[in-house]
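Asks: Once you've looked at the hints, dock chain B against the given chain A.
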Amino acid sequence: MTSYLPAEFSVTVQTADAQALHLAVHGDLDYDTSDDFAPAVAGALDAHAERYGPTLRDLHLDWAELTAFDSSGLSALLGLHRRTHPAGITLHLHHQPVYLTRMLKVTGVTGHLTQHAPAADTAVPAEANGPTG
Amino acid sequence: MWGGAPYPVIVIDRAGDVVETNDAARSLLLDRGAEEPTTGDLPRWLAEAHDRLKSAGTPSRASAGAAAGAVAGRTFEAHPSPTEGGDVVWWLVENTGLRLAEEALHSERERAALLAEVSGELLSSLNVDRCTEVTARMAAGHLADAAVIVAPAQGRRHALTYAQGEGDVTRAVLPVDARTVPGLAEALQGFPPVPTRWIDPEGLPEWAVPPGFDRTIGSVIVTPLPGHGMPAGVLILLRSSTHRAFTEGEELFARLFAARAGAALSAARLYAEQSSITATLLRELLPPRLERVHDVDYAGAYRASQDHERVGGDFYDVHPGAHATDETFVVLGDVAGKGLEAAVLTGKIRSVLHALLPLSGDHRQVLGLLNGALLNSHHTRFATLVLTSVRRCSEQVRLRLTSAGHLPPLIIREDGRVEEVATSGTLVGALPRIRTHSVDVTLAPGETCLLYTDGITEARGGPLGDQLFGEARLREALGECARMPAEAVVERVQMLAAQWLGSDRHDDMATLAITNPVGGHDPARVVDGYQDPRPRGRES
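Residue numbers (full-length UniProt numbering), protein chains in the order written: chain A, 1 to 133; chain B, 1 to 540.
Incorrect hints may appear among the rest.
[As the list claims (entries may be wrong)] Below are the EDC-like pairs computed for lysine to aspartate or glutamate, each with C-alpha atoms no more than 20 Å apart in a straight line:
hint: 1; chain 1: B; residue 1: 348; chain 2: B; residue 2: 317
hint: 2; chain 1: B; residue 1: 54; chain 2: B; residue 2: 17
hint: 3; chain 1: A; residue 1: 105; chain 2: B; residue 2: 458
hint: 4; chain 1: B; residue 1: 54; chain 2: B; residue 2: 77
hint: 5; chain 1: B; residue 1: 54; chain 2: B; residue 2: 13
hint: 6; chain 1: B; residue 1: 54; chain 2: B; residue 2: 87
hint: 7; chain 1: A; residue 1: 105; chain 2: A; residue 2: 30
hint: 8; chain 1: B; residue 1: 54; chain 2: B; residue 2: 20
hint: 9; chain 1: A; residue 1: 105; chain 2: B; residue 2: 420
hint: 10; chain 1: A; residue 1: 105; chain 2: B; residue 2: 419
hint: 11; chain 1: B; residue 1: 54; chain 2: B; residue 2: 84
hint: 12; chain 1: A; residue 1: 105; chain 2: B; residue 2: 471
Hints are computed from structural coordinates only; laboratory data are not their basis.
The structure displayed is predicted, hence computed values, not measured ones.
Same shape as in the complex, but just chain A (with noise of 0.2 Å):
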């Protein structure tokens, strides 16, 4: 497990393979911290690029340790979408507590977070079968 900020906001590693990331998001991902975000993410996709190359097909987030979400929470996971979509990545949201699904629900995004990502034009085809082969 890497941690990437200290205790009262944080994003750590899961598990990793060459097409899946699994991140947890720790504390509060609001207007003090929601710049933090990004980075710490980014960092951890790096650092997947970094050890299996362009591969990473899926990035799923975990809640369970969420303790408050804003608005600025939700636009820095917007931002994380529009990076993400454009690479091929399909975004999941898991153990999301319920104002969070409430507040994705009612902002009307849920769909859009977690739409299918197709494979990143860049990618060539015979590579996106290949780490599997």
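Replies: For chain B alone, coordinates are given in the frame of chain A:
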């Protein structure tokens, strides 16, 4: 015998007469040839030390009986060593360097303490006037007899702050020609940095002398007050002719002082500018006063976050239709984030919506255009809002509501039921495409539609201090607001949320009520949504 001694040596006999001296002593005492000095040439302090030594008898320790004093502008310690013949040999050891170093150290300590005091006094205030006053007073008290601070020009005029000695600080705003004081124009420009300048007191214009300063001015220096990127002003120090002129050390110190004062002044000025910009922006962003429009009551309440840095992102507007038959367009929204960036985005949204008023009948189109206008490749700052088109139809008020990712509006029915309006849609400003679903609602007399932001439902407090006010509590509170006027509904919601909060920090809270007033509608004037063309004088 003592010729080779490195120190001046004077041998004095019992009677107090000088018996012998060496070359060093002779040149020190007499400043002339090889003549032998006499008792009269001895400095008084040395003669007295010799007398004391005689009356005390032979000193038991070598250090006893030592004295110190000045000779010819230098200072010495004189150490006596009695001889067997009863004479006393006085060794003079010069300590001028040590004394000067000690004096310098003392004055450095004083200056360091003064600088610390300056910083402490100045940095505790972000008020420009107070900072200027403190700087002038301290400069006049510690650096010179009087001080003048020339602030950067406001138009053609400069604010001048005068201080002298222990007296009061006076201020004036005068049209000043900076060229009349040598070096002032350059110092006011601030860049390139100019050194402190000595100027001729004769040529000093009248405005540069503190009112009531009646002494003759002996020396004047002009020191820039360096700021952050822009000059914070200029400090002019004046000393009267009876006072000694500025030494090199004092001039250097004046520059150090000016640097501290300049930093504090420009910080204060920057803060004043920022708070005035914030105030200007806020004035633009303040929600409008609401009232009855075309026989429908509107009431809004806005409670800004107490956190002053976190200027709010909540807003609402009511754009009345041109005629009673036209729809009134109502908007309530909330911008993600806080602070000036959120406030600026709020302003942008309100302007775009205002411009789109001619299209306001088509909520989907309005939101689509707004989304396009807000989309930004740099960030995903978004807004959620509710659009409502309101039109009176006879006894009833018809609403068409569209939520763009906002909390659902609540309807307070006449019998106290509270219904959630099932409109839904996507937030605006972050996604390339949005979807919306509008819902039509009819308000009977005494019924209210409430729009609100999450500052209400997410107010954290309650008996344990950590619970959210929540939608359930809000609905419960609204159940008691049936048939209430719009004003009373928003007052009650704001009051309950505020009570729930206790003294905790909170986000912005905005509420807007649209009420079909009980008996407030004049059916004689409007029939089926069309205005009766015949004028009716009800007042007559």
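Asks: Are the Cα atoms of residue 105 of chain A and residue 30 of chain A separated by 20 Å or less?
Replies: This hinted pair holds, its Cα atoms lying about 18 Å apart.
Asks: Under the criterion that the straight-line Cα-Cα distance not exceed 20 Å, is the pair residue 105 of chain A, residue 419 of chain B satisfied?
Replies: OK: residue 105 of chain A and residue 419 of chain B at ~18 Å, within 20 Å.
Asks: Just to be careful, I want the Cα atoms of residue 105 of chain A and residue 471 of chain B compared with a cutoff of 20 Å; is the pair within it?
Replies: Given pair residue 105 of chain A, residue 471 of chain B holds - Cα atoms ~15 Å apart, limit 20 Å.
Asks: Straight-line Cα separation of residue 348 of chain B and residue 317 of chain B no greater than 20 Å?
Replies: holds (13 Å)
Asks: Does the structure keep residue 54 of chain B and residue 77 of chain B at a Cα separation of 20 Å or less?
Replies: With a Cα-Cα distance of about 18 Å, the restraint between residue 54 of chain B and residue 77 of chain B holds, given a limit of 20 Å.
Asks: Taking only the CA atoms, is the gap from residue 54 of chain B to residue 13 of chain B under or equal to 20 Å?
Replies: The given pair, whose Cα atoms are some 10 Å apart, holds under the 20 Å limit.
Asks: Does residue 17 of chain B lie within 20 Å of residue 54 of chain B when you go C-alpha to C-alpha?
Replies: holds (13 Å)
Asks: Next pair to validate is residue 54 of chain B with residue 20 of chain B; report whether the Cα-Cα distance is within 20 Å.
Replies: Given that 20 Å is the threshold and the Cα spacing comes to 18 Å, the pair holds.
Asks: For the pair supplied as a hint, residue 54 of chain B and residue 87 of chain B, confirm whether the alpha-carbon distance does not exceed 20 Å.
Replies: holds (10 Å)
Asks: Sort out whether residue 420 of chain B lies within 20 Å of residue 105 of chain A, counting only the CA atoms.
Replies: Since the Cα atoms of residue 105 of chain A and residue 420 of chain B sit roughly 15 Å apart, the hinted pair holds (cutoff 20 Å).
Asks: Taking only the CA atoms, is the gap from residue 54 of chain B to residue 84 of chain B under or equal to 20 Å?
Replies: Holds, at roughly 14 Å.
Asks: Can the restraint linking residue 105 of chain A and residue 458 of chain B be considered satisfied, given a maximum Cα separation of 20 Å?
Replies: This hinted pair holds, its Cα atoms lying about 16 Å apart.
The structure fails none of the hints (numbered hints given earlier).
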